[in-house]
Amino acid sequence: MKKVEQISIFLENKPGGLEFVTRVLKDAGINIRALSLADTSDFGVLRLIVNDVEKAKQVLKENGFTVGRTSVVAVLVPDRPGGLHSILESLSKEKINVEYMYAFVERSGEHAIIIFRFDATDRAIDSLTKSGFTVLPGEKVYSL
Amino acid sequence: MIYNEEFETLPREALEALQVKRLQQVVQRVYHTVGFYKRAFDNAGVKPDDIKSLDDLKRLPFTTKQDLRDNYPYGMFAVPMSSVVRVHASSGTTGRSTVVGYTKRDIDTWSELMARCFVMAGLTKNDIIHNAYGYGLFTGGLGAHYGAEKLGASVIPMSGGNTKRQLMILQDFGPTAICATPSYTLYLAEQGEEMGVDMRSLKLRVGILGAEPWSQKMREQIENKLNITALDIYGLSEVMGPGVSMECVESKQGLHIFEDHFIAEIINPDTGEVLPEGEVGELVFTTVTKEAFPLVRYRTRDVSRLVKAPCRCGRTLVRMDRITGRSDDMIIIRGVNVFPSQIEGVLLNIPGLEPHYMLIADREGTLDTLEVQVEVGEKLFAETGEVKVLQELSRRITKDIKDYLGVSAKVKLVEPKTVQRFEGKAKRVIDKRTI
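Each protein sequence line maps, in turn, to chains P and Z.
Reminder that position 56 of the first sequence reads as 56 in this note's numbering, one-by-one numbering, no gaps.
Reminder that position 350 of the second sequence reads as 350 in this note's numbering, one-by-one numbering, no gaps.
In case anyone wonders, no lab produced these hints; they're calculated from the structure.
For glycine and all other residues, C-beta sits at the position ideal for the given N, C-alpha and C.
Hints may be right or wrong, so weigh each one.
[What the hints assert, rightly or not] DEER-style ranges, computed between Cβ atoms: (1) Gly365(Z) to Ser41(P): 18 to 24 angstroms; (2) Ser341(Z) to Arg107(P): 53 to 59 angstroms; (3) Ser41(P) to Glu220(Z): 46 to 52 angstroms; (4) Ala120(P) to Pro351(Z): 23 to 29 angstroms.
[What the hints assert, rightly or not] Restricting the straight-line Cα-Cα distance to at most 25 angstroms, the calculated cross-link-like pairs of lysine-lysine (BS3-like) are: (5) Lys3(P) to Lys379(Z); (6) Lys379(Z) to Lys55(P); (7) Lys58(Z) to Lys3(P); (8) Lys57(P) to Lys95(P).
Let's have the full structure, built from the sequences with the hints guiding it.
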């Protein structure tokens, strides 16, 4: 499975909202691999990649959160100037639309990992693989 | 000044004798022409012939908003459509609005009663009336318009909205009176001030303001900002429209009900028992002259009080207090009636939404605001978890509420289980406005 499962949590804009999410995850012993927060004037959506998707979903739901899941794609990029650009150039040629993305640096520091949300996930994976980029499977990302 | 001296100053005994006679006629008529009333009277075990005095009125069953909805659209009409010259309707989701009809004579009566209101406010045919009530299905615009023409005044048929244009006309056309909702009047005054217009030196002298509850404090603000006398007018489309009752400029204490056309009662909203004069309760109206859409003991859900004491203006007509609240959960937002059930109807029409919601009425400056809080349920979010889906949802709710109810609402998506759950009767409205 080349896709990565991302958890989305609906949050109202109010103090303590995020803190409660991280507390629930901490108490369940869940490790956050990557995250991004999308905000609008009225609410936010917290996007998380965690080490244990099923367990995270379960404890969040038990604590009253609305949890959604989305398939995203994790791509390994050399951590040097132009690394990200080469990927986007390739996607642009293939006319693949990026809905949103966020990045984090791998532990060794040699690579960055970019999390992409595409409108056409499967086509994007095919295209990236063919162009020689490393698309990381879910299990690999969860256990980084 | 009194428009119809004869009927507005009848001695109480003569007035009540006239009411009994007209009541007996209307009861006979509805019993024989409207299926709903025949069934309702039969169920209550009362015959039209049993009504011999005003006291017998309480033997008749009540009519409710739900009864009108059940008979949508024309089921409550007491004349064939060939005799109906006009229909109006109250706001409502499709199929649930209340449709009312008028014969030529009903329009004449209504026009006269509105003319009486204008005269009660001190207006004559020499006045220019800026009518900012909405024209259309809403009774406000056309009701005030016909009354002003009946009086012989000059009407500016402005309708609602388009504030800049309203301000231009207020300055250039020199109206001496304005008809509008109190909140819109205040809004006009403040917008004018902001644009640098000297709102106190306009030719305006009087405001005939209604269609929503307002306070003495708001009256003082309006009078002060516009340098006018602001008077309260009351009406509802089911009973007729604006002009059911009106404050006189002489006393500004209570609204005179035109009792030669309407019989008012105050009841306990929980038991239905008729309350003695002076007690606060729900207003109930029986129309005694309307032809197309007569109503027997219609429960308005408006809370008020009746006072028969003589008024310094010379009218003998009973006075009702300004409306102090509702005995149901209806709220009025910028003159539009909003029932929580209507909002619920809109929400349930959107796939994936659950009926957990709360309505918060407030006031920003002088304008009413309505916030609709809706829970984001599991079903809706789980599939995608995307921000744009939620934004799209929020836009759709706003649009549907606007389309069906005609009111602009601010939609706020909230976390699940945060809207209070109710056992029994739900309380869906928080009204932060101070009336």
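> Do the alpha carbons of Lys58(Z) and Lys3(P) lie within 25 angstroms of each other, as the hint requires?
Replying inline: Given pair Lys58(Z), Lys3(P) is violated - Cα atoms ~73 angstroms apart, limit 25 angstroms.
> Do Gly365(Z) and Ser41(P) keep their Cβ atoms within the hinted range of 18 to 24 angstroms?
Replying inline: holds, 20 angstroms
> Are the Cα positions of Lys57(P) and Lys95(P) separated by 25 angstroms at most?
Replying inline: violated, 33 angstroms
> Is it true that the C-beta distance of Ala120(P) to Pro351(Z) lies inside 23 to 29 angstroms, as the hint says?
Replying inline: holds, 24 angstroms
> Is Lys379(Z) within 25 angstroms of Lys55(P), Cα to Cα?
Replying inline: With a Cα-Cα distance of about 19 angstroms, the restraint between Lys379(Z) and Lys55(P) holds, given a limit of 25 angstroms.
>> Can you confirm whether the C-alpha distance between Lys3(P) and Lys379(Z) stays at or below 25 angstroms?
In response: Holds, at about 23 angstroms.
>> Tell me if the beta carbons of Ser41(P) and Glu220(Z) are separated by a distance inside 46 to 52 angstroms.
In response: Check failed, 36 angstroms falls outside 46 to 52 angstroms.
>> Given a hint of 53 to 59 angstroms, does the C-beta separation of Ser341(Z) and Arg107(P) actually sit inside it?
In response: holds, 57 angstroms
Violated hints for the displayed structure, listed by number in ascending order: 3, 7 and 8.
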